[in-house]
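Asks: In order, the protein sequence lines correspond to chains A and B.
Those letters in the first sequence? Residues 1 to 765, by the numbering used here.
Those letters in the second sequence? Residues 1 to 223, by the numbering used here.
Among the hints, a few may not be true.
[Said to hold, decoys possible] Quick partial rundown of chain B residues pointing at chain A, CB under 7 Å, derived from the structure:
| id | residue |
| --- | --- |
| 1 | Gly10 |
| 2 | Asp16 |
| 3 | Arg19 |
| 4 | Gly25 |
| 5 | Phe50 |
| 6 | Gly53 |
| 7 | His108 |
| 8 | Phe109 |
| 9 | Arg110 |
| 10 | Asn111 |
| 11 | Arg112 |
| 12 | Pro138 |
| 13 | His197 |
| 14 | Leu202 |
| 15 | Thr203 |
[Stated by the list, open to error] From chain A, some residues computed to sit far from chain B (all C-beta separations above 10 Å):
| id | residue |
| --- | --- |
| 16 | Asp6 |
| 17 | Pro406 |
| 18 | Asp533 |
| 19 | Ala718 |
| 20 | Thr735 |
In case anyone wonders, no lab produced these hints; they're calculated from the structure.
The C-beta atom is built at its ideal place from N, Cα and C for all residues, glycine as well.
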Amino acid sequence: MIDTVDLAAKTPDEPQPYRELGLKDDEYARIRDILGRRPTTAELAMYSVMWSEHCSYKSSKVHLRRFGELPESDALLVGIGENAGVVDVGDGYAVTFKVESHNHPSYVEPYQGAATGVGGIVRDILTMGARPVAVMDSLRFGRADAPDTARVLPGVVAGVGGYGNCLGLPNIGGELLFDDCYAGNPLVNALCVGVMRHEDVRLAKAEGVGNKVILFGARTGGDGIGGVSVLASETFDAEGPAKRPSVQVGDPFTEKLLIEACLEIFAADLVTGIQDLGGAGLSCATSELASAGAGGMHVDLDTVPLRDSTLTPAEILMSESQERMCAIVEPAKVERFLAVCRKWDVLATVIGEVTGGDRLTVDWRGERIVDVPPRTVAHEGPVYERPMRRPEDLDALQADDAARLPRPSTGAELQAHWLAVISSPDGADKTWVTEQYDRYVRGNTVLAQPDDAGVVRIDEETHRGIALALDGNARAARLDPYTGAQLNLAEAYRNVAVSGARPLAVTNCLNFGSPEEPEVMWQFAEAVRGLADGCRALGLPVTGGNVSLYNQTGEVAINPTPVIGVLGVHDDVRERVSTGWRSAGETVLLLGETRDELSGSAWAAVVHGHLGGRPPVVDLAAERTLAEVLGALAREGLVTAAHDLADGGLAQALTEATLRHGTGGRLALDGDPFVALFSESTGRALVTTTDPKAVKDTARWAGVPVTELGTTGGDTLALDGLLELPLAELRAAWTATLPALFGLPEAPVGVRPVGTVPAGTVLSS
Amino acid sequence: MRIGVITFPGSLDDVDAARAVRLAGGDAVALWHADHDLLDVDAVVLPGGFSYGDYLRAGAIAARAPLMADVVTRARQGMPVLGICNGFQVLCEAGLLPGALTRNAHLHFRNRDQSLRVERADTAWTSDYANGQRIVVPVKNGEGRYVAAPGDLDRLEAENRVVFRYLGGNPNGSLRDIAGITSENGRIVGLMPHPEHAIEELTGPSTDGLGFFTSVLKALVAA
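Using the sequences and the accompanying hints, generate a full structural model.
Replies: As structure tokens, this is what we get:
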């Protein structure tokens, strides 16, 4: 029997499975208050999904307000609250970018979870009116040699690649890191960036009474119905249909058609508002469109094209079937809208219209099953000020400084530790992953992984372009979430700057454990505070972001993992600077100051399995100056390569810079060579130049410390008086790790060792 | 000279192919798969991508698109046709070139800067190269393993119709390291690697790919 609004009014005492749907007693009571009766089954489904942590940000909202309180930025065209923020990058171009997590689905079903993560963020960018131009991915897994990592990682990488490649979006960079804390909680954060003209920005709101609501893209199926399966078994008898899979299945081909159809629809000015269907599907799209617009909307659910005719109305409203969009179209433009969709073989159906008043109503088989004020669903969900408590173990953790760890002293020991760090799964060459991603499609990729930032040309005439970097060191955030968030911000900022770009805006994906744990909530609040303060110091707006909570198994939460994305602008991408050394006889300079900062370092983790102490000091004023110097050096063409120093310090940076084009170098290190090689002091960059005097003058004039390290050339990396590493040996160590763990690149199927680690590799615990 | 670039649903490198045509000095003409009109082009490029999502078999559905009937007719009359990656798959599915492209031997999508040896510098698309020349262009595919019956492979080699071979590692397990082949008359060329991604210093691993497009413009002028 259909649970209609009338029936709900007549049967107030009908028991409802709200707890199974994740609603608390007081939340359910509030829904009854809002409606003045019990909700119908369909309404309960809508509220439960829209009031979930994922959709409502109920635990994080009070903290995220800090981003909104940042000083206004001239660059920001559309801020937090829309599907993605929009930034002015000059010459009338606007750029929109955002990161989103798809962590849990990727653990359950690695390929589809990761694939639909990419699909979802691409639709968010498309929804803003932009052509998506590139993607990035930030990935975290459990120990590299854990059997479950061998299950999850290959599927996730194939999924990110499979979807992005088939959409024709170059993957320009990202991260791949391993830590025990992600066993059972892998993190899959995908970023998409899109470009449009200022006047093409679209917003998600339903305005104009009488305008049509058009659902277009894929048919609606039973996939991605999570908690609502409880309702399905509630509505039917116990012998009824089995619970449906809760991970969505992606079809990138349909999404590619959707992109091209949307861009043609935008160009012809055929929509007044548009929203993609992601989490919470049609419930989310209709309630958000109505809530942000005039307020009223009516939907006739029978018109929704289905893949499965047995779906219940609640399931149709909740389905997270991928590759769907919802548009608000003036009646006079409907025919042209449908014609564009036909051209691209995209199914499009009028399912309702914008109405006067402030109710969202949904009919099914002639009966009213939903009648709600849309704002209460979409924007007026619960808000919690959860209790917070500084982790009890933090004092002890911070007191356990890396200074107590035995340090290498001889050249042979330094070399052994060097090779251990750069061949560790975190430090090793990532080609095994990035070879599975198309980095060339669309022909505008100027820099991609393994460069520090991805750089994309956005105008072939003016050579204007953008740079993007994603960073999320969780070790530092575990030791001090405030500093850790700033450290990641500083690193992404520096990565964009070494490419020669001017940093412009920030996005983020905040991955944490359960907000119901006061210690996790404290970590979250501290990270947000650190990030907001950091952005204020750097003069950058936060354009939006994503929060992923409940990343924990049982009692153990993941290390706080604030992944920070920074967008920069290149006035002329031909001035970009790459990380690799190309020619012999150039001078190698280190910009910035190296301090004895080994706590939380890759060295401490890899060699000693240690995490303790306080993370490196972040000096944002110094970062700002360094970025200005790097930008000036790029514009003047004074540097031939520039590489940021971060995880693994100078040892890691030298490895990557020399192996890129097989150009070695002879260097002399001042002071303690161990500190010089492995410290992770912030605000540093390694550059090469044919005009050392000019670079030194520029740096000194700005107040950036500069140290001459030596000269490029040869097929070894020699540190005077300490060691001489043949590049071939360095390369062998650096490149062997991931193939040994996840399969040799050329090995036919069936010859893939699983969970093996090359001899000599020291793994982090 | 007008060089058409066909867009099928799911074509991805059509913008790249058009850019390559322009940089070589030609007029790039956008062609739509569902039309029956080649718009008076002098040559056609079938670009890379995942036409129809690679459903059924890569290239199989696109090979039956309305415009492909016109392409086949004109190709048989000698119009130069270049199929890149998915375009190569379409040419094989359309029967314009022999053999087939199957799943890479290691089953991974593979994107890398690939060395190729030019085996034939006298086709419509390769005259700006020298026989034996080594070029570097990106390869990126999941289904790029060239296969054909042993007799067909022998005949291709006997007729000198292998245009490119992989050097320094075979990225997908293609038989006899074959990266690209040509028709009997040397007017149709299909290859898995992507010359259109190696046309600018700024964005490619080299500019070695531009020669495809300058070659065909010369071939058309000479005709």
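Asks: None of the hints should be skipped; say for each whether it holds.
Replies: Do the hints match the structure? See the list:
no.	hint	verdict
1	Gly10	5 Å, holds
2	Asp16	4 Å, holds
3	Arg19	6 Å, holds
4	Gly25	16 Å, violated
5	Phe50	5 Å, holds
6	Gly53	3 Å, holds
7	His108	6 Å, holds
8	Phe109	5 Å, holds
9	Arg110	5 Å, holds
10	Asn111	5 Å, holds
11	Arg112	6 Å, holds
12	Pro138	5 Å, holds
13	His197	4 Å, holds
14	Leu202	6 Å, holds
15	Thr203	6 Å, holds
16	Asp6	45 Å, holds
17	Pro406	41 Å, holds
18	Asp533	38 Å, holds
19	Ala718	28 Å, holds
20	Thr735	13 Å, holds
Hint compliance for this structure: hint 4 alone is broken.
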